[in-house]
Amino acid sequence: MFIKLLSDAIGFSAIFLYGSTGETIIEKSGHLNLGIPGIMCFGAVGGCIGADMAYKAGMGAFGTVFFGILFAMLFAGAMGLLYGIFTISLRCNQNVTGLTITTFGAGILNFWGAIVGSIGVFAKPSLYFTTSIFGEVGNDWFSQLFLSYGPLVYLAIIIAIVVSIVFKKSRTGLSLTAVGENPAAADAAGINVIKYKYVSCVLGAAIAGIGGMCYVLDYSAGSLEYIVDQLGWLAVALVIFSLWRPGIGILGSLIFAFLYLLPDQFLPKYVSMNAATSAIIKIIPYAVTALVLIIISFFNKRETQPPTALGVPYFREDR
Amino acid sequence: MKAIELVGITKTFGSVHANDDVTLDVEKGEILSLLGENGSGKTTLMNMLAGIYFPDAGHIFIDGKEVLIKSPIDAFKHKIGMVHQHFKLVDLFTAADNIILGEKMPRFSIKEKSQQYKHQAANEISALDANLDEKAKKKAIAKINNKRNLKICALPFIKFVKAVAFNYLPRNRAKKLQKIADQYGFDIDLKKKIYEMSVSEKQTVEIIKVLYRGADKLILDEPTAVLTPQEIQKLFAVMRKMRESGKSIIIITHKLNEVMEISDRVAVLRKGKYIGTVKTSETSEKELTEMMVGAKVDLNIDRQLPVDPQPRLVVEGLTVRNKDGLHAIEDVSFTVNGGEILGIAGISGNGQKELLEGIAGLQHVESGNIIFYNPKENKPVTFFHNDLKQVKKKAEIGMFHYPDGTPVDLKGKSNKEITKLVNDEQILYYENEVIDLKHRTPREIQELGIKLSFVPEDRLNMGLVGNMSIVDNMMLRSYRKGKSVFVNRKRPKALADKIIDDLGVVTPSDMTPVRRLSGGNVQKVLVGREISSSPKVLMSAYPVRGLDVNSSYLIYNLLNEQKARNTAVVYVGEDLDVLIALCDRILVLCGGKVSAIVDARKVTKEQLGLLMTKMPETVERYEYAIPKDTKTETVETNTEAEVKEEESNDKQ
Numbered sequence: 003m004f005i006k007l008l009s010d011a012i013g014f015s016a017i018f019l020y021g022s023t024g025e026t027i028i029e030k031s032g033h034l035n036l037g038i039p040g041i042m043c044f045g046a047v048g049g050c051i052g053a054d055m056a057y058k059a060g061m062g063a064f065g066t067v068f069f070g071i072l073f074a075m076l077f078a079g080a081m082g083l084l085y086g087i088f089t090i091s092l093r094c095n096q097n098v099t100g101l102t103i104t105t106f107g108a109g110i111l112n113f114w115g116a117i118v119g120s121i122g123v124f125a126k127p128s129l130y131f132t133t134s135i136f137g138e139v140g141n142d143w144f145s146q147l148f149l150s151y152g153p154l155v156y157l158a159i160i161i162a163i164v165v166s167i168v169f170k171k172s173r174t175g176l177s178l179t180a181v182g183e184n185p186a187a188a189d190a191a192g193i194n195v196i197k198y199k200y201v202s203c204v205l206g207a208a209i210a211g212i213g214g215m216c217y218v219l220d221y222s223a224g225s226l227e228y229i230v231d232q233l234g235w236l237a238v239a240l241v242i243f244s245l246w247r248p249g250i251g252i253l254g255s256l257i258f259a260f261l262y263l264l265p266d267q268f269l270p271k272y273v274s275m276n277a278a279t280s281a282i283i284k285i286i287p288y289a290v291t292a293l294v295l296i297i298i299s300f301f302n303k304r305e306t307q308p309p310t311a312l313g314v315p316y317f318r319e320d321r
Numbered sequence: 345m346k347a348i349e350l351v352g353i354t355k356t357f358g359s360v361h362a363n364d365d366v367t368l369d370v371e372k373g374e375i376l377s378l379l380g381e382n383g384s385g386k387t388t389l390m391n392m393l394a395g396i397y398f399p400d401a402g403h404i405f406i407d408g409k410e411v412l413i414k415s416p417i418d419a420f421k422h423k424i425g426m427v428h429q430h431f432k433l434v435d436l437f438t439a440a441d442n443i444i445l446g447e448k449m450p451r452f453s454i455k456e457k458s459q460q461y462k463h464q465a466a467n468e469i470s471a472l473d474a475n476l477d478e479k480a481k482k483k484a485i486a487k488i489n490n491k492r493n494l495k496i497c498a499l500p501f502i503k504f505v506k507a508v509a510f511n512y513l514p515r516n517r518a519k520k521l522q523k524i525a526d527q528y529g530f531d532i533d534l535k536k537k538i539y540e541m542s543v544s545e546k547q548t549v550e551i552i553k554v555l556y557r558g559a560d561k562l563i564l565d566e567p568t569a570v571l572t573p574q575e576i577q578k579l580f581a582v583m584r585k586m587r588e589s590g591k592s593i594i595i596i597t598h599k600l601n602e603v604m605e606i607s608d609r610v611a612v613l614r615k616g617k618y619i620g621t622v623k624t625s626e627t628s629e630k631e632l633t634e635m636m637v638g639a640k641v642d643l644n645i646d647r648q649l650p651v652d653p654q655p656r657l658v659v660e661g662l663t664v665r666n667k668d669g670l671h672a673i674e675d676v677s678f679t680v681n682g683g684e685i686l687g688i689a690g691i692s693g694n695g696q697k698e699l700l701e702g703i704a705g706l707q708h709v710e711s712g713n714i715i716f717y718n719p720k721e722n723k724p725v726t727f728f729h730n731d732l733k734q735v736k737k738k739a740e741i742g743m744f745h746y747p748d749g750t751p752v753d754l755k756g757k758s759n760k761e762i763t764k765l766v767n768d769e770q771i772l773y774y775e776n777e778v779i780d781l782k783h784r785t786p787r788e789i790q791e792l793g794i795k796l797s798f799v800p801e802d803r804l805n806m807g808l809v810g811n812m813s814i815v816d817n818m819m820l821r822s823y824r825k826g827k828s829v830f831v832n833r834k835r836p837k838a839l840a841d842k843i844i845d846d847l848g849v850v851t852p853s854d855m856t857p858v859r860r861l862s863g864g865n866v867q868k869v870l871v872g873r874e875i876s877s878s879p880k881v882l883m884s885a886y887p888v889r890g891l892d893v894n895s896s897y898l899i900y901n902l903l904n905e906q907k908a909r910n911t912a913v914v915y916v917g918e919d920l921d922v923l924i925a926l927c928d929r930i931l932v933l934c935g936g937k938v939s940a941i942v943d944a945r946k947v948t949k950e951q952l953g954l955l956m957t958k959m960p961e962t963v964e965r966y967e968y969a970i971p972k973d974t975k976t977e978t979v980e981t982n983t984e985a986e987v988k989e990e991e992s993n994d995k996q
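First to last, the sequence lines map onto chains A and B. For the first sequence, position 124 matches number 126 in this note's numbering, and the numbering has no gaps at all. For the second sequence, position 79 matches number 423 in this note's numbering, and the numbering has no gaps at all.
Hints are supplied without guarantee of correctness; some may be wrong.
Said to hold, decoys possible - Which stretches of chain B does chain A cover? Using the computed rule of at least three CB atoms under 8 Å from a CB of chain A, they are:
no.	region
1	439-451
2	503-515
As the list claims (entries may be wrong) - Facing chain B, from chain A, some residues (calculated, C-beta under 8 Å):
no.	residue
3	L176
4	I193
5	R318
Keep in mind the hints are simulated off the structure, nothing from the lab. Every value quoted in this text rests on a predicted model; they were computed, and no experiment measured them. Ideal Cβ placement from N, Cα and C applies to all residues, glycine included.
Turn these sequences into a full structure, and let the hints guide you.
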């Protein structure tokens, strides 16, 4: 039973991991994108359209998954570009722009869902996402925990690890961190600040978008449900929890997913639950995030603080 | 050939002409000083060379060729490197990471390389042995061509691998750079994080960064403003070395003696316009000053003898710890008298900040007393610091008298009558009020008339809010006094306009956010506001830091005016010449302790320099020779007052 819960949690954690890895990339460039929930909704819409089209064209497993991911990234990336144009070029308020995109995205998902229907509409293409990439797996705990997931779960972890390495070990990561810490210094050092900001906004949004698709096609097996934006907020909280490190985000997403599933799946077997207790347990991830904020501000170590220029628009000729 | 040539450069910000038709040139292997008042457009001009700003009009020639510098990347291409006044370093990174930040991959052009391989192959073919028969020749040519094609095909992969390898940050990157730094003779640990570094270390990192990127045209924007004399000499030695190796250097500075010492030629800007260039060997400080400000200025500061100096602020055994728990100020005692300027000299970071902030209530005072003698003798009681109860209590112990000299007895008087008496200024103090500042809040201390105008390295950090207008910044001091829930901007606006007029603040309007003003103007606003509130003690730290000669003298005059008003002025300064010329007495800090209090009229610069760096065996404490009987009298009255205060405390 516990293995089942843990296995479910790992599958579920991919959603948070995509969202938080994407948001981390964006925040590293000094942009606080509160549009992540909406962008994940767009990713869900795009992913479903792409996977459905590829499936109907008879493309098989690889084609369906590939076009699902591609369309999710395109749709979400377009939103990221929109956010970028507003906040980078037009220097609008980042919070307002982000919240607008969140409202917009959630609305679009609901609207589109009303047209195509909800329960099980993408059940067929989603089969390719839910079946394990290792084919039939045994019932032992090892296979259940490590081999039983669809492609998106592994992809999420690979992306998080790659991004983590890029941040730590490459000049690209160094430059990106510099842009988020002190854009004027980065600019004076000859880094194209605007380019870095745009690329990270679009790429981060595209990665987060896969998370939205992951929820619809992987976790809920092709049923459209309207809680994608709720999960998006948890992904934004996870960025703080993981101290802007995607590596820690892997563990953090697992904890968040575990706590999210705990009241619905595991506890009812042992204790009597009602709506209130379940809601209280679901608060824990937010509470833990607040606690992490308190702890990092208590230690006040420079390395664990958010990017210094987070939320501050940059204009070279500003005095 | 000229390294840099600027022709007819113009740049405007809104309606302000920062640069107007400036023409300037720098030879190879020379040091050019760029001199000008605050806001004369020196930094703006240099920023256009560094690619931060783009000129509205004009031409830039580098090494004889006209170029467009659209961004810092272009500036790097033309080997221009600028060390900005506000360092452009990422605090979170190590020095090494800051130096390699933004470094571009060495050029690797697939097109050029494939051309090269084609040429090579053609050469090899033509060099083939002519005696070979047809078949062998064909075979050899095919072999060479195959080899060539293979090489060309491999080029994109080689480029990719090289790009990845370049992108990878090795763990020992600091070590490699350390060698370069050691070669240039810089003494610095490149593994240290920037936020742990001192100002001069940060500057060294900036210079290494510029040199590492291969710049041979260096621009240094006020590099000496934050350095100690020894560090300045070190910097000048490095600059001379660079000049010898053929690099061109432009240095922006306000300090004329440095201009004379380091530069080959001096270019002068005034109000955004180019005035002229002179050879340093053929000019004098006086001529340069005239070029800079336009009219002849009097370099002497008008210093009057202090009139009736009475102790105003007595500090005894003050000890303050800094953030790291170390003693920033240890057992410091001194007296500031009304009507004098007490200078505080010391190498920056020797406790000046903690001392002033301790007095102003902004830092926790570990031990020691700060006694403030509020000059109340024969002045009327107000309800500003006392409420009715306190007035009654103080009257009971006989602290007040009527204008005709009879003691005040409030017994049997109704509250209304007392209020009327106070408001009519009929109740006067006998003596000065003695107040211990140790347990007062910063606001209470402010309201007692002890004003602090601290100009930190980052001018907008303390005292002013950058995003607020000049008017609103004036209101920061006064908004609590209003009675309505709405703010009234009338008086702050009048004050702001007065400061703009009196101190010549260059600003588009009084509603312009303060952060948009140039550094010197920000300082004028800050100092102007603190002085306008008619303080009893004015503590002013580095008020002329980065200001040009004219504005500096304006500030000195303001301080002298305050002195004439019998205010006790504390002036923390860097320039020893000014300290000696402006102050009456100078307190020298060394490692957080008082190494001497000297008579500014007799001390020499060398003596001060020595006291700043070394604690003497016996600490000299110069006090005014106040006639003996009056002095003892004040002391007696003080102790009496203290006893009375204690008594009143006991009663409470």
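Practice task
Kindly indicate which numbered hints from before are broken by the structure, ordering the numbers from low to high.
Solution key: Hint check: nothing fails, all pass.
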